[in-house]
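A.B. asks: Hints in hand, dock the two standalone chains.
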Amino acid sequence: MAEAAAAPGAAPRAGAGSVRRLLANRRVVLGGAVLLAFSLAAVFAPLLAPHDPVEQDLLLQYAPPFWSDKAEDGFPFGTDNLGRDILSRLIHGARIALFVAVAAAAAAGLIGTALGLLAGYFGGWADTLISRLVEIWMAFPAVLLSIVLVAVMGTGLHSVVIAIAVIDWTRFCRVVRAETMAQKQQDYVASAVTIGLGRLRILWREILPNVLPLLIVLFTLEMGIAVIVEAILSYVNLSLASDFPTWGGMISDGRKYVNQAPWLMILPILCVIALVLALNALGDGLKDALDPVMRR
Amino acid sequence: MSWSFLLRRLLLAIPTLFGVAVIVFVLLRVVPGDPIAMLIGPGATEAGIAELRRLYGLDESIALQFVYYLQDLAGGDFGTSISMRQDVMELVLGRLPVTIELCLVAMSMAVLLGVAMALAGSYWRGRTGEAAVDGAAGFILAIPDFLWALLFILFVVVFALDGLPISGRIGHDVAFRGATGFLLVESLLRLRFDAFGSVLLHTVLPAAALALPLAAILARILKASIAEAMTQDYILMARAKGFSRARIVCREALRNALVPTVTLTGVQFTFLVGGTVLVEKIFSYPGIGNMAIDAVINRDLPLIQGLVLTFAVLFIAVNLLVDMSYALLNPRMRHG
Numbered sequence: 004m005a006e007a008a009a010a011p012g013a014a015p016r017a018g019a020g021s022v023r024r025l026l027a028n029r030r031v032v033l034g035g036a037v038l039l040a041f042s043l044a045a046v047f048a049p050l051l052a053p054h055d056p057v058e059q060d061l062l063l064q065y066a067p068p069f070w071s072d073k074a075e076d077g078f079p080f081g082t083d084n085l086g087r088d089i090l091s092r093l094i095h096g097a098r099i100a101l102f103v104a105v106a107a108a109a110a111a112g113l114i115g116t117a118l119g120l121l122a123g124y125f126g127g128w129a130d131t132l133i134s135r136l137v138e139i140w141m142a143f144p145a146v147l148l149s150i151v152l153v154a155v156m157g158t159g160l161h162s163v164v165i166a167i168a169v170i171d172w173t174r175f176c177r178v179v180r181a182e183t184m185a186q187k188q189q190d191y192v193a194s195a196v197t198i199g200l201g202r203l204r205i206l207w208r209e210i211l212p213n214v215l216p217l218l219i220v221l222f223t224l225e226m227g228i229a230v231i232v233e234a235i236l237s238y239v240n241l242s243l244a245s246d247f248p249t250w251g252g253m254i255s256d257g258r259k260y261v262n263q264a265p266w267l268m269i270l271p272i273l274c275v276i277a278l279v280l281a282l283n284a285l286g287d288g289l290k291d292a293l294d295p296v297m298r299r
Numbered sequence: 044m045s046w047s048f049l050l051r052r053l054l055l056a057i058p059t060l061f062g063v064a065v066i067v068f069v070l071l072r073v074v075p076g077d078p079i080a081m082l083i084g085p086g087a088t089e090a091g092i093a094e095l096r097r098l099y100g101l102d103e104s105i106a107l108q109f110v111y112y113l114q115d116l117a118g119g120d121f122g123t124s125i126s127m128r129q130d131v132m133e134l135v136l137g138r139l140p141v142t143i144e145l146c147l148v149a150m151s152m153a154v155l156l157g158v159a160m161a162l163a164g165s166y167w168r169g170r171t172g173e174a175a176v177d178g179a180a181g182f183i184l185a186i187p188d189f190l191w192a193l194l195f196i197l198f199v200v201v202f203a204l205d206g207l208p209i210s211g212r213i214g215h216d217v218a219f220r221g222a223t224g225f226l227l228v229e230s231l232l233r234l235r236f237d238a239f240g241s242v243l244l245h246t247v248l249p250a251a252a253l254a255l256p257l258a259a260i261l262a263r264i265l266k267a268s269i270a271e272a273m274t275q276d277y278i279l280m281a282r283a284k285g286f287s288r289a290r291i292v293c294r295e296a297l298r299n300a301l302v303p304t305v306t307l308t309g310v311q312f313t314f315l316v317g318g319t320v321l322v323e324k325i326f327s328y329p330g331i332g333n334m335a336i337d338a339v340i341n342r343d344l345p346l347i348q349g350l351v352l353t354f355a356v357l358f359i360a361v362n363l364l365v366d367m368s369y370a371l372l373n374p375r376m377r378h379g
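Top to bottom, those sequences are chains Y and E.
Under our numbering, think of the first position of the first sequence as 4, with each following residue one higher.
Under our numbering, think of the first position of the second sequence as 44, with each following residue one higher.
Treat the hints loosely; a few may be bogus.
[To be verified] Far from chain E by the CB rule (all over 10 angstroms, computed), these chain Y residues:
hint: 1; residue: Leu43
hint: 2; residue: Lys73
hint: 3; residue: Val105
hint: 4; residue: Ala106
hint: 5; residue: Ala117
hint: 6; residue: Thr131
hint: 7; residue: Ile133
hint: 8; residue: Gly159
hint: 9; residue: His161
hint: 10; residue: Val192
hint: 11; residue: Ala195
hint: 12; residue: Ile198
hint: 13; residue: Ile205
hint: 14; residue: Arg208
hint: 15; residue: Leu218
hint: 16; residue: Phe247
[What the hints assert, rightly or not] Here are a few chain E residues that face chain Y, going by a calculated C-beta distance under 7 angstroms:
hint: 17; residue: Gly62
hint: 18; residue: Leu70
hint: 19; residue: Ile186
hint: 20; residue: Pro187
hint: 21; residue: Leu197
hint: 22; residue: Val200
hint: 23; residue: Val320
hint: 24; residue: Ala335
hint: 25; residue: Phe354
Keep in mind that the hints were calculated from the coordinates and are not lab data.
We put the CB at the ideal spot given by N, CA and C, even for glycine.
Bound conformation, chain E alone (with noise of 0.2 angstroms):
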């Protein structure tokens, strides 16, 4: 993968940010709906509005704003939180490690469970067990993340299982406090696996219910595209050599079956960022999903703009990922 493949991808991404944000403001702006009617107290006096309009920057016309929010967004400031009444960006840096840990998790998790599926159901071809995989695949897929959660809380709720959290990050027992917001990596790194066990078992849940509808369709595809693998002519030849069927299959057809599954699948992995917005609020898992709804029912102008920025920043950074893993996996990409 060469530099200016990177670079390229990288200044592509600012068109769409810029875009993003645009939207964004416009559509916060236009509409009726006064923030500042959250803020006042049943006593406050006009004088008292107008200085929190001034210091909101909200007494100036919609294309003076817009100037004004450009310039800040350039120079990294996103405002300050109505409703918190702190800096944005510090708000969404403390919450954005709990995010991204849980996204990575969950997408381990469904790259393991969908390639496992995927290999069971090209093992056992034209067997019950492959109809199992594509029925298992097509149940997963047809239930959306957010009740998959809800799902998970019943069958703890229901069957008692008290070991497996369904609400909050760590446990209260547990003194942890970490240097910065990545608690897993972090408690490991200094040995603390109480801390690493609390902080995983808080997020297996809330993982798997994210994990899922990706894996379903990761199984999918990669099914797909190792029968197609399978037909090729260096399948033969493995076979003539007397490969087993488990080393053809997870060997030869796997390997070049990864390449069109990770082109037809890299725009899923943004669904599952998006999806840690409900899911973190259903499990009250401490990440910028979970604020976001937060900001959105107090109408908290700038932390909401912060956030959706931020979410865009993250659907970016995971395509680029995706793009970059596909390079790295198909040697004819690499010097592109």
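Pulled out of the complex, with its shape left as it was, chain Y reads as follows (with noise of 0.2 angstroms):
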């Protein structure tokens, strides 16, 4: 689907218009303010959290969240299995749900890019030995890869960051490489040779440039996979360990005492599912807003 962006046409440069045109875009302006909501909590989270996130209190376990009338005072989330607050867990949650989100989009797009930019413009064989890659490495089933690498790397915030990275790569070289194949053919490329423009020159200073909304677009919709791969990874306990409040982890405590709790679960899910739709509206909005061809 991605690809539908990659449609030759000249992408003028991002000026006053686009912002007017970004904020017209009502799922633009609605998945910014959630995706801004959970950033400021990211943020904030020690300010905000009344409680710390790994303090336990096993007088207090399993208290329900504030629908019920047996909640607790001063828990409005409830407790989890060993007493600690759910709502201070949320917020840090989104801490590591953001941080993992953009690190991994941030690198994975870096790689993309770069090999995408390279078989597209010189084609040939860096071409094909790019394309090529890029078929192996899809035929890898991706969960099952990332947990794998994760297991061979160690668990840990680093090692989720560099398997999203190492697996999603190919998300963007594949569209990038396209993007500039067609970009190439433009005008602008054509004076840019002939007046004796550099190959790394016209690459970096003029094609970049005009790939840069379709990656803005990739970057976003990257984030709310890595947000997913993020929840799954801690939910096979291979991200942090099991007292750091990650999302996906306690979505897996949730799953286990399911039956006493259910509220374990139903608050982490609907982050995720909160995040990730707030992403893909972002992403898919600014695809429409961005995109000169879908423009026209």
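C.D. replies: Put into structure tokens, the structure is as follows:
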């Protein structure tokens, strides 16, 4: 589907007009607002969280959330199997989720864009080699590969980020390659060649800025994927140590005690879904707003 | 479809499988961490550890290990599982039918639901019905299979739907031991409808979680293809003949929209297979996906290798099936 955005067409550089167009797009505004809310929670987590997210209180296990009449004061979303405050864990979990999302999307984007630009612009054996590599890469089951990678590198946030980047660079590479090939046919590239600019300079100064709107879209969508992968890896206990408040870890705990306390699972699942929906809406909205072909 | 087409596809699978085997081997050997450490008790002697290393071939150089590994693979020997101390091939083959049945049920559900959604959306084109189908497809697609699985579990627990099991593959009270792992097929053939019902009920939720994203993609692409087909001359002809709108959409447009849909969605079927890894874990469904996660957590190298290769084979098989159905659906491809 992402290839649809890679149709040929001159992408004018962003200006005041595109900002107005962005704000007129409902999905961009809505997705952006939710993302902003989660980001603020992540940045100010220590100030916002009412309790220490890892503090246990075994006298206060399974306190139900506010909609139950047995709810405890000061624990609006209840407590988990070890008496830890769920609201505080959710807020701190946003930190981990967003950190992984940004870092992993950036790393995957960097590798994929570099290889995609090279393959698309130079063609020939570089293109053959890179495209073949992408094909082999995509023959792997992504979930299994990420689990194997993290198991191999050892658990921890850096492993999660590396695993996502190592797997998902192909998404950027394929789209950027196609877009670069399309851009290469444009008149402005021919003019740049005529006035004698070097090939790398053309790639860096002329083509890359025109691929940028597409990259922003891909980056946003990749953040959504990274949030899910982080949740998956912490669900199978391969992200951070279990007392760290990750959403996936909370879901995994909740699955174990789902019969006693279903709310343990509801809230972290809702957080993952809300953040992923917001990132998808933002990405799709940006695609509509930034894509010159769709705009016409 | 010609035999040479099939043969060519099968031959093409060999380098892919070899590539997968190499990458898995390198990945698992280059990294730090000692699989033997998981096996030994606290009182193990140096000599005992060395003995174990020799037993699993871990005392050789990496290059030699790789040569032995390839030799064994060529002979169909995947080695011995470190955590379960059983032949990997036997372990995997014992669980593989479970995953295959789950995938087939899921794929059938996805195709039925996807086609139904696409037909409904096309029939009510330009009306609220279409918007509802589009909205549903977008929402379903935004949530990955693993979250659907968890949502289903929550749903069952919160609404106390005790009839829908959320773990295992067959009820404890059902005495049915299949001779093969294909419990659904076998119970049906042996007319054990109680067992069939129990397995089917256990399969509904994991299969639905796997099916939903695929169904949404199918619905989207098929609907677009139908819209494209509706602009063709033969549709105008059918209208002129006075056929009903339902008949035109279901009989004329659908048939012509299938080919582009299969081409565009082929790879999505393999994503469904990959999804079994987590969905099986979540529903404690005893297939190879569930086994893969345990193997990774136990650092069971031979078992991980065997399972990743098995998944690669499944991927290739699914791709082949999709290509074959493409050839069957499109008369122009039949003699290619």
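A.B. asks: Hint numbers the structure violates, sorted upward?
C.D. replies: Hint check: nothing fails, all pass.
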